[in-house]
Amino acid sequence: MEGLAQSQVELLEALRAGDEAAFARIVDELSPGLMRLARVYVSTDGAAEEVVQETWIGVLNGLDRFEGRSTLKTWIFRILVNVAKTRGVRDARSVPFSSLDVTAGEDRALDPDRFFGDHTRAPGQWSIAPAPWPEDAVWETDALRLVRDTVDGLPRAQREVITLRDMVGCSAAETCSALDLSEANQRVLLHRARAKVRAALERAFDEMGPAS
Amino acid sequence: MPDTGDEMTCRELVGLITDYVEGTLPAADRRRFDEHLETCEYCANYVEQMRATILALGELPEESISPRVRDELLDAFRGWKSP
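Order-wise, the sequence lines are chains A and B. Going by my numbering, the first residue of the first sequence is number 1, and it counts up by one from there. Going by my numbering, the first residue of the second sequence is number 1001, and it counts up by one from there.
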């Protein structure tokens, strides 16, 4: 951690001193992840690229005021979320942001009918058990496309979390900080999102027939 | 198998899987989780599939910004310190 903090201080100093190579490095490192998260809020790659570009301009405008209360990385992701929200207000077609409790409501990770009920001989055991998947099937192009499409169809809060955690590779702490979530809510959203992606793959593999 | 109240059910395991893979499950529950997993091939399938799902999510092709936008940003950076 100390090494990380140290390298962050050095990076900040380099950026503030106008070190273009340092700026190019961080742009190259973070832009793919920023593009990923931007696509949660806007519907085309072109619009996502504009959001990312605006984010980096926001980074330059705010860099001298950055106080290091979060890591540089999560600060930059927070700027992106703000840019995307502002843009959402501008573009009427975009879905409004909700301040409601993101984990409220009945949104089961898995169909309760998959288990025997409490008043049966085997309460809480699988009634429809998960069958093994065909070897290496998740790496097929079709499966990966299904994974992407399923993520695209998730409720926004779940999509934000699974994008940062499993696609961009942020830690739980970074994700909470970037999205202003409690650790518990982050985990609930991640749990539901992952369960739905697994369930989508399961449905697809079941249709292909039993594993050989 | 009689329900002793301490053994984890399949339903409970599925509900705790994210805490399990995140490493946030209390030690006692973690032990019950592992014990259940040793004897239940269905839940072992589920955990295995969840791990495969997470790996697949990390394998999706990613795109960055275009070289044109990257150049514009580097231009903006050069202009940033020299108004």
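If you are wondering where the hints come from, they were derived from the structure by calculation, not from laboratory data. A portion of the hints provided could be inaccurate.
To be verified - With a cut-off of at most 20 Å between alpha-carbon atoms, the simulated DMTMM-like pairs for lysine to aspartate or glutamate come out as follows:
#, chain 1, residue 1, chain 2, residue 2
1, A, Lys73, A, Asp28
2, B, Lys1081, A, Glu10
3, B, Lys1081, A, Glu67
4, B, Lys1081, A, Asp64
5, A, Lys73, A, Glu174
6, B, Lys1081, A, Asp111
7, B, Lys1081, A, Glu54
8, B, Lys1081, A, Glu13
9, B, Lys1081, A, Glu207
10, A, Lys73, B, Glu1007
Hinted pair Lys1081(B) and Glu67(A), Cα distance within 20 Å = Cα-Cα ~19 Å, so holds.
For the pair we were handed, Lys1081(B) and Glu10(A), check the Cα-Cα distance against 20 Å.
-> Judged against 20 Å, a Cα distance of about 18 Å means the pair holds.
Take a quick look at whether Lys73(A) and Asp28(A) sit within 20 Å of each other, Cα to Cα.
-> Holds. Lys73(A) to Asp28(A) sits at ~13 Å (cutoff 20 Å).
Take a quick look at whether Lys73(A) and Glu174(A) sit within 20 Å of each other, Cα to Cα.
-> holds (8 Å)
Does the alpha-carbon distance linking Lys1081(B) and Asp64(A) stay inside the 20 Å limit?
-> Status holds; Cα separation ~11 Å.
When you check the alpha-carbon spacing of Lys1081(B) and Glu13(A), does it fall within 20 Å?
-> Within the cut-off at roughly 13 Å; holds.
Sort out whether Glu207(A) lies within 20 Å of Lys1081(B), counting only the CA atoms.
-> Status violated; Cα separation ~59 Å.
Holds or violated: are the alpha carbons of Lys1081(B) and Glu54(A) at most 20 Å from each other?
-> holds (18 Å)
Pair hint outcome, Lys1081(B) versus Asp111(A) [Cα-Cα no greater than 20 Å] = violated (56 Å)
Decide if the proposed pair is consistent with the structure: Lys73(A) and Glu1007(B), CA atoms, cutoff 20 Å inclusive.
-> violated (42 Å)
Violated hints for the displayed structure, listed by number in ascending order: 6, 9 and 10.
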